[in-house]
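Trainee: Chain by chain, the residues run as shown.
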Amino acid sequence: MDFSLNEIQQDIASLAEQILRGASTPERLKALEADGQRLDRPLWAELVAAGLTAVAIPEARGGAGLGFFETCLVLEQVGRTVAAVPLAGHGVGLMALHHAGADAALDRLLAGHGWLATSARTDAGNKLRAESGRLRGELGAVPFADGSQYLLLPARRDGAWQLFLLDTAQPGVRFEAQLTTALEPRARVQLDGVAAAAIGDGELVEWLRERIIAATCAVQTGVLGEMIAMSTRYVSEREQFGAKIGSFQSVSHRMADTWIDLMNLRLLGQSAAAMLDRQPLATLEVLAAQSWCAEAGHRVSASCQHVHGGMGHDRDYPLWRYAVWSRHNELVHGGASETYAAIGAAIARVPASAAL
Amino acid sequence: MDTSFTPAQDALRRELAEYMSALMTPQLRSELALPHGTEGGGPLWRAALRQMGRDGWIGLGWPAQWGGRGLGPIEQYIFIEEVTRSGFPFPYLTPESVGPAIAEFAGEEVKRKVLPGILGGELVMAIGYTEPQAGTDLAALRTRAVREGDHYVISGQKVFTSLAHLADYVFLAVRTGDPATHPRHKGISMLLVPTDSPGFSRTPIHTVADGETNTTYYDNVRVPASHLIGAENGGWQVITSQLNRERLTLMNPGTASLLYTQVLEYVQAHRDESGRRLIELPWVQGALGRIYAGMRVLHLACRKQAWAIAQGNPHPAEASAVKVYGYECFLQCYRLMMEVLGPDAVLRRGSAGALLEGLPEQIYRAVPVYGFGGGANEIQRDLIAQFGLGLQRAKR
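Here the protein sequences line up with chains A and B, keeping their order.
Per my numbering, residue 1 is the first one in the first sequence, and the count goes up by one each step.
Per my numbering, residue 1001 is the first one in the second sequence, and the count goes up by one each step.
Read the hints as simulated data drawn from the structure, not as lab findings.
Hints may be right or wrong, so weigh each one.
Stated by the list, open to error - Distance ranges between label pairs, derived from CB positions:
#1 B:Pro-1282 / A:Asp-167: 39 to 47 Å
#2 A:Ile-8 / B:Ala-1017: 34 to 42 Å
#3 B:Ser-1004 / A:Ile-8: 45 to 53 Å
Idealized CB from N, CA, C, for every residue including glycine.
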């Protein structure tokens, strides 16, 4: 048992923090939002140059030679700065390419500044079909799809899910722009007979899905951590009735509850990430973390906005970005109710796996 | 980062589970099922406690000097988890929080007198803090002790002195200081009071959850001055040290894990009116999901505390957070377990058709005590705000 971060892990987290805090300032984010495209290409290039976009890829292939856990530490800093970069899908997608031995695409991605857009959706929003090496149909809400170099997504072949990799620079690939509640650029991907390589079956889709969810938990840990820090500063300065509002127990106890929620989310998120470095799947741990991502996201966000009063709604004050990101992360893989049902279904399938 | 036990710790868990399963004989279970037997106190319970002591389990994490086995805080945590998971009403505050406070603060004579007995399962300690007018504001306590020669003479009254009816000693907080010069927490001392002392008496308080606690009376009770734990008027430090240990032990998820396992077996074995197994019902699965997610993180949080204590570096806000969250988690999970068991879950032990021997019903009645036992959760939230968030110290 070891709940500490080792020196390398502390170093990579502080490197990520330094770069992201320096670049992803409220002014910078405001300018991107004014452009209507929340995508920070210079910051992305900086992260690529610093080696933070391929943390879990072996050094021999050009990565940092660390693991998924360390990838999540970088993603926590992305959350703390609500940075406009496609790191979650790219970082996890690269791991899937490496895992599946899709080396040519991996090498091309690692050689340049392009990114990989990734989805593991297999719900009703995915209508992709594969026939003789070509994909047809559509898949909704793929993060940072437009502008990506490759897409990694599930499609059905003969009724079974497989994971496909495709180069976006070919005819028949269309993107219909979508914006999430957090203003993250997404796209409904429409494919009309596009050449794609199957790199794995349904098992790899699950492998990918669990890592995408755990990555979102890491981003949410950062989002909520920063919200709590901002709110602590605010209630320590704001005075009403001649006193700092943080001195009122009704306020300080509400803030204490946010601290507990964050502690629990971080514990489960990090536990799930560490398990995924040791084993292909960690279904119950990942789902439990997702439920905390949703519950903590909902409660912490509401409390932090509440203690800020009107400031939490003012778009010239930075809290609102965190409020919308906490909602995005709360709901984007299915919310708490669906997650609890999924945990219960997993318990019902193999009760012995759910010993406590 | 690794949240799992080592293979040796996993082996210890299995060994303890087997040991406790053998210890919990049908005869002992029957004794514990008697009215007011749920907290132990009967002859078979006493014998089992001594057996655990003789077999070296109670002092698992204690140094060899006192008869312990010298393993660490993580192993001690595992011990409490497995003992409570077996359903045995282990008086865990004796070796887990009062014992360590005695080891840290008492004189050699008292240590030699009581520590081997604690680790041997011979002695049970009650904690005498709360008074009718001093609950959460413990520093307002009035029970007085006056030094007369080589004795202290105690007079006053305590309330909710749990386990005093089984205990050999009361770990008693008294006022020794002059309020003018040593006000509130500056004038408190700790004394170890044998329950067979002349002038000590008690009356029972019957609790909502079939338990028994006590009002205890101290009518010129004389105890040797050597029974002072810590310095005279230095008791507050002893109390806070004891309470810090108590908070973690109180939130051990062993009992909740026992009920979870039983409920999980129940929903696999039983069917609804249409013949579907309960575990197949979507609403039952949703409830199980909530229970699992809630309890899994409590396990992790408690393990992290044990690990941090082993590292010599426990975080004060995390200890309070585990206390607050643990209570909320128990309250919610026991409620969900009752929901899953259905309408007959409200039947009490001994009723025809009582579910799981009425254990969930009894524990769901008992659970609110965790919201204030070991320090009211309002105080814990004050501590989290102060030490976790860095907000200014709360006004009281």
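Trainee: Would you mind marking each hint as holding or not holding in the structure?
Mentor: Each hint tested on the structure:
no.	hint	verdict
1	B:Pro-1282 / A:Asp-167: 39 to 47 Å	42 Å, holds
2	A:Ile-8 / B:Ala-1017: 34 to 42 Å	37 Å, holds
3	B:Ser-1004 / A:Ile-8: 45 to 53 Å	21 Å, violated
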